[in-house]
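Build the complex: two chains, separate frames, hints provided.
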Amino acid sequence: MKDVMGIIYTGENDALLRELTIVRAIAALPVAGRFRVIDFLVSSMVNAGIRNIGIIMQKNYHSLMDHLGSGKEWDLHGKINGLHILPPFLTRENVGLYPGFLDALRSNNDYLSRSKQELIVLSNSSIIYNAHLDEMISFYQSTGADITLLYTKDPSLRRDEYGTYLSVDEVGNVLDLEVQPTHPTYENTFMQVLVMKREFLRDMVDKAVAHGLHSLDRDLLLRLVQEKQAKVNAYEYKGMCWNIDSVQSYFRFNLDVLDPIKRKGLFREDLPVYTKVRDEMPTYYGDHCKTINSMLADGCQIEGTVENSVLFRGVKISPNAYVKNCIIMQDGQVQEGAYLENCILDKQAVIKRNARLIGPEAYPIVIAKNVVI
Amino acid sequence: MLRKKTCIAMLLAGGQGSRLGILTKNVAKPAIPFGGKYRIIDFPLSNCTNSGIDTVGVLTQYQPLELNAYIGSGAPWDLDISNGGVFVLPPYQKATSLEWYKGTANAIYQNMAFIEQYNPDYVLILSGDHIYKMDYNAMLDFHIRNGADATIAVREVPWDEASRFGIMNTDSEGKVVEFEEKPKNPKSNKASMGVYIFTWEKLRHYLTEDEADKKSSNDFGKNIIPNMLKDKQILYAYDFVGYWKDVGTIESLWEANMDLLENPMPIDMHDKKWRIFARNPGMAPHYIAEGATVSDSLITEGCEVYGKVNHSILFAGVIIEEGADVEYSVIMPGSIIRRGAVVRRTIVAENAIVSAGAIVGEEKGNIAVVGQGINVPAGASVSAGQQVDENTEF
Numbered sequence: 001m002k003d004v005m006g007i008i009y010t011g012e013n014d015a016l017l018r019e020l021t022i023v024r025a026i027a028a029l030p031v032a033g034r035f036r037v038i039d040f041l042v043s044s045m046v047n048a049g050i051r052n053i054g055i056i057m058q059k060n061y062h063s064l065m066d067h068l069g070s071g072k073e074w075d076l077h078g079k080i081n082g083l084h085i086l087p088p089f090l091t092r093e094n095v096g097l098y099p100g101f102l103d104a105l106r107s108n109n110d111y112l113s114r115s116k117q118e119l120i121v122l123s124n125s126s127i128i129y130n131a132h133l134d135e136m137i138s139f140y141q142s143t144g145a146d147i148t149l150l151y152t153k154d155p156s157l158r159r160d161e162y163g164t165y166l167s168v169d170e171v172g173n174v175l176d177l178e179v180q181p182t183h184p185t186y187e188n189t190f191m192q193v194l195v196m197k198r199e200f201l202r203d204m205v206d207k208a209v210a211h212g213l214h215s216l217d218r219d220l221l222l223r224l225v226q227e228k229q230a231k232v233n234a235y236e237y238k239g240m241c242w243n244i245d246s247v248q249s250y251f252r253f254n255l256d257v258l259d260p261i262k263r264k265g266l267f268r269e270d271l272p273v274y275t276k277v278r279d280e281m282p283t284y285y286g287d288h289c290k291t292i293n294s295m296l297a298d299g300c301q302i303e304g305t306v307e308n309s310v311l312f313r314g315v316k317i318s319p320n321a322y323v324k325n326c327i328i329m330q331d332g333q334v335q336e337g338a339y340l341e342n343c344i345l346d347k348q349a350v351i352k353r354n355a356r357l358i359g360p361e362a363y364p365i366v367i368a369k370n371v372v373i
Numbered sequence: 374m375l376r377k378k379t380c381i382a383m384l385l386a387g388g389q390g391s392r393l394g395i396l397t398k399n400v401a402k403p404a405i406p407f408g409g410k411y412r413i414i415d416f417p418l419s420n421c422t423n424s425g426i427d428t429v430g431v432l433t434q435y436q437p438l439e440l441n442a443y444i445g446s447g448a449p450w451d452l453d454i455s456n457g458g459v460f461v462l463p464p465y466q467k468a469t470s471l472e473w474y475k476g477t478a479n480a481i482y483q484n485m486a487f488i489e490q491y492n493p494d495y496v497l498i499l500s501g502d503h504i505y506k507m508d509y510n511a512m513l514d515f516h517i518r519n520g521a522d523a524t525i526a527v528r529e530v531p532w533d534e535a536s537r538f539g540i541m542n543t544d545s546e547g548k549v550v551e552f553e554e555k556p557k558n559p560k561s562n563k564a565s566m567g568v569y570i571f572t573w574e575k576l577r578h579y580l581t582e583d584e585a586d587k588k589s590s591n592d593f594g595k596n597i598i599p600n601m602l603k604d605k606q607i608l609y610a611y612d613f614v615g616y617w618k619d620v621g622t623i624e625s626l627w628e629a630n631m632d633l634l635e636n637p638m639p640i641d642m643h644d645k646k647w648r649i650f651a652r653n654p655g656m657a658p659h660y661i662a663e664g665a666t667v668s669d670s671l672i673t674e675g676c677e678v679y680g681k682v683n684h685s686i687l688f689a690g691v692i693i694e695e696g697a698d699v700e701y702s703v704i705m706p707g708s709i710i711r712r713g714a715v716v717r718r719t720i721v722a723e724n725a726i727v728s729a730g731a732i733v734g735e736e737k738g739n740i741a742v743v744g745q746g747i748n749v750p751a752g753a754s755v756s757a758g759q760q761v762d763e764n765t766e767f
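Chains as they are written, first to last, in the numbering used here: chain A, 1 to 373; chain B, 374 to 767.
Just chain B, with the same shape it has in the complex (with noise of 0.2 angstroms):
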């Protein structure tokens, strides 16, 4: 039997995140590298580092391997100990059952077991979706104090995009008396973040519940919130205050890291009071050549720069060659830019080669994707928005 824990958090990290188009082709979302020196699941993990929380089960499904890798036993996380830690959980096979996860509601379901173990007064579900940061011990305090069922993280949106958004109608106290799905006529402007507190107790009720109903799509979303409101339990919007980024597509990925880049940053990445974590590949520190430019950029260990790099962002072991000018782009771990290439609005994705003299991307104009182990061929041209796979002709 291993010891109680007040609350646990459960990371979903199963699907596939198709609008990344060929980035998440063998790679998990959360696993894409972010920012220089992080991947997307360092925010929610070292969110729960920092609001003390220290039992994180991560629920893997698609393309797992990059992800399982990444965090290891949590170490960098100090999720590494003996009461605790962090635990991937892929489906698995049970007695009577064999299934993939069927939605956001029915992979806790499926582990429930796990969650068992820790016998926990209060369940955090996140995502690892989004970059912010969050204090979600202070969540879990109003939730507490407001004696709630559940309490779903809300931010307010422009009134103009509401209709986008699973919206929350609250009374002034915060209390939730409607949730809307994507609205035509939105009665409030707070979005539904899919970061939700339960009391496990209750959630455990209508997880099993909403398990036997067969028309379910087994999601917190559509069917626990709505079914938890319906029954009148007492739900709760804790209002989060903050920056929120949804890097679920190409341009807002690309957005989100070309926002690092502001003066003031959005987001403090600076602060010492709550650090992002993330697993360091241990390199040595970065070298800018004689005759290289760099100006408004993000560059980190094991870079070599002898070329232009401009309003961009270079991940570890980046290799930019004489000649190379590189401008508004993303150039993720061990990839390398040839002398002449010139790449523009593009993320490059791991250990991929911009050959000599090609031209990635364009000024203006959506964003231009190589993938991961890709070489493009010398001279070659990538237009705005391609996305180049070992698929694609030249």
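Bound-form chain A, shown alone (with noise of 0.2 angstroms):
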């Protein structure tokens, strides 16, 4: 599967998201305790065998840059292609905000025209995966299409207003599309990855940017299907997704990973998941601490009581300090007699001794990095 490469965009719409996107993109939240999104999808192409991936970046993406470094940890920093950081073109003639993707691509044509594989594979960065993306790539070759689109059947990923979601025929041809239905009519969702070949994207881009046109879903792949003018089929995934869109939606993410079934979906031996490493001592569990169904990463000091959550590098909880149904990312810091629930504490965020912060389920409290309560 050498003959491929890659292009990851990163700027989705992240309103929904409010103070857990101010400072990063979507790509580069911190997620299950050690990962950001972006190395699933990352990861996911590179046990692909495709080993030259474009990021597209728009806004805050100063920690995916830091992240994703020289692309080591991912096996992205040979001689051969590697990881490539397309930050947004800024020239005198545009501010760098892509009005959408088409012409994000249309920027980066250099980049496009430089790579030499024969196919490539697109994807965004709010849907979490880990795929077996050569096995859609297998489906696009033995058919014969122009594009493949990978989608799922898993409801968890529908949204009213938002998305994008496809009719499909028995033999996979795409009869149909709507882009973001008031209410989504087939049971398809776009997991807005797809694979076509690198000349025909080139092609249609630049075709679709010359005539004013800016999103990829309603106006290429729609016009290409109802006009049929392209060959477009789609590739059922089957395994764990979830779309990363919204704070609910982040904090469900976070604590699904705590069934072991999921878990094992989302990490599996076949398909590993490569991360920035940080050297730490392992967490260490005090003599009075209780951990009830819970995740952590390595560097903790755990002495209170911990259920049903997920705490990243290096969070301390004190004695008699109890959080549940919480997400604490690094560093942070819950002292003596604190209580917390349905919490979601950004890094390096610290809760003083004694303070009570009760969120709705449905509406956890996000505590900004760095904020002390």
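Any given hint could turn out to be false.
Unchecked claim - No more than 30 angstroms apart at the CA atoms, straight line, and that leaves these computed lysine-lysine pairs for DSS-like:
| hint | chain 1 | residue 1 | chain 2 | residue 2 |
| --- | --- | --- | --- | --- |
| 1 | A | K276 | B | K595 |
| 2 | A | K264 | B | K681 |
| 3 | A | K276 | B | K645 |
| 4 | B | K595 | A | K72 |
| 5 | A | K72 | B | K378 |
| 6 | B | K681 | A | K324 |
| 7 | A | K207 | A | K228 |
| 8 | B | K506 | B | K467 |
What the hints assert, rightly or not - One side only, chain B facing chain A, incomplete, derived with CB under 7 angstroms:
| hint | residue |
| --- | --- |
| 9 | I454 |
| 10 | S455 |
| 11 | N562 |
| 12 | D644 |
| 13 | R652 |
| 14 | N653 |
| 15 | H659 |
| 16 | Y660 |
| 17 | I661 |
| 18 | S668 |
Since the hints were made in silico from the structure, they are not lab data. Just so it is clear, the structure is predicted and the values come from calculations on it, not from any experiment. Just so you know, even glycine gets a beta-carbon here, dropped at the ideal spot from N, CA and C.
Spelled out as structure tokens, the structure:
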């Protein structure tokens, strides 16, 4: 599977993620105790043998750049191909904000034309999945399609007024798409992952942008299907996936990872998830702590009670502190006697002694980075 | 011609470590897992990195496969660099000779060509047997300041134990006046740590001379140091203060692991200014189930705990099933303790399985050991101090 390159687009709408994406792109969101969203996407590509991956950045991309570095942890730092970070194109003519995915691709035409691979896999960065992308690519090649889309029947990805839904026949041909319908009609959600020939993409993107079009789904895919200008089919992804598009869905995803079945579905031996490493001691559990159904990264010090929670690296839970249904990012501190329920603590947040923070389960409290309460 | 280095390190990692019993049957001692996510060699290697020594030769001989794979190109210790780095040095055939390393000094002698590439002024000799943090650069400064030919790192030991060690008798400045191996009546309690800095020119001379002596053991402590002393070379003893643990026996390896559960830890592993680096397996964070009890323990990535863990260390990917009960033990990477099994005062090596209901180790007594890849059968009993390998009959 070497003749394939990848591009990940990280400019999605993230308003519903509130404080969580004030300082970082969705792709850089810390998840599952030690990962960032983009780790799953890059790892899926790398596991399919893709070694040339471009990451199109839009806003707040500092954490993302810092996290990805040279691509070493994903084996993308070599002489042949590798990781390409593609920051927004600030030129005299524009301010770097892409009106749509097509514009982002058009601006990176140089990268696309310099790359040598025959095929390209595109992915956006708010849907977490762990896929055998090589199976989708094989399907694409064996059916002789122009474009193959990846979709899921998992109902948890459906959203009103958002997303793209497909009508697919029994052999996989895409008969229709609806883009951001008020209520989706079709049960197949497009996962914003697709494969096509690199030259075909360049050509299509060029024509579309030259005609003032911006959206990949609406302006390119929908048109091609409706006007029957290309053979577009779809491949079903049967694994676990999550759409990280709101605080609620972010919260839900992290707590889902506590379920052994879902966890095994996401972290698979045949599809390892690579991420940047931080050297830490193992987590220390004190004499009187209690830990129930929780996932903890290294470097934590647990002296209190942790229930149904996900703790990232270096988190300190003091004696008599109690956290329930919480997601606590790196280096957070919950001091003596504090009680938290349904909270998300961004990095380095400190909850002082005896503080009480209880959020409704459907609308967890988000404590922004570095905040002290 | 490579760029000259002021000081390079040579790390002796070739010994069998036979007092570690079945733990070193297939693995060299420096590659033995330690402290939940480290291996013994992480300590001298990280010390080098933190001390600014970027060129390290690791001399291997015994069962080096796991050690070599672990070291790789040296990236975890920032030693994957274009000028210098870490190099695994097994014995190799030369035009006129082919031999295994005969002794610590001979091992260095056989690698003189490697050292000469960097034309160093000083050479640091280390071993991969101890858990400690040390600034080798400070020791080098001491060596240079005193115009020494050799500097031997020493630590104070309890007087009643001094006769077990190589003891340095020094003057008030730290200059070595006498060296006594295991003296019956020790005149000093400064024990040699096997960490030396030599001025390379001098070492080269003494190594060559020693090699020609057919009666020599080719050992630093037994031959090189005494010979230099006899010739009135300038030898200094460098005082080391801090945690230092020899992990050469099953008991001491277990104790050193248990030391990490002390509060406060006798060796500060959280010191951001002196990090101990390791190669990370890159697994998902560990999971503690409802109904599991975890206390006074260290647990790292990839573990799944459904049972009871008290005063123990779990390495990466260890599974403790529901109903399993582990106390005062060290469970190395990938091992599984099945339901109803009871583990006490035991070291379980990598990828072993303690099957359901087995009773391994006892509340008191010597440390039991389950070897790498061994499956302790269901309901079996392993007594204190027993070592379980593929030859053990149940």
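Here is how each hint holds up against the structure:
| no. | hint | result |
| --- | --- | --- |
| 1 | A:K276 / B:K595 | violated (46 angstroms) |
| 2 | A:K264 / B:K681 | holds (22 angstroms) |
| 3 | A:K276 / B:K645 | holds (18 angstroms) |
| 4 | B:K595 / A:K72 | violated (45 angstroms) |
| 5 | A:K72 / B:K378 | holds (28 angstroms) |
| 6 | B:K681 / A:K324 | holds (21 angstroms) |
| 7 | A:K207 / A:K228 | holds (16 angstroms) |
| 8 | B:K506 / B:K467 | violated (36 angstroms) |
| 9 | I454 | violated (14 angstroms) |
| 10 | S455 | violated (14 angstroms) |
| 11 | N562 | violated (32 angstroms) |
| 12 | D644 | violated (10 angstroms) |
| 13 | R652 | violated (9 angstroms) |
| 14 | N653 | holds (5 angstroms) |
| 15 | H659 | holds (6 angstroms) |
| 16 | Y660 | holds (5 angstroms) |
| 17 | I661 | holds (4 angstroms) |
| 18 | S668 | holds (6 angstroms) |
Against the hints set out earlier in the document, violations occur for numbers 1, 4, 8, 9, 10, 11, 12, 13.
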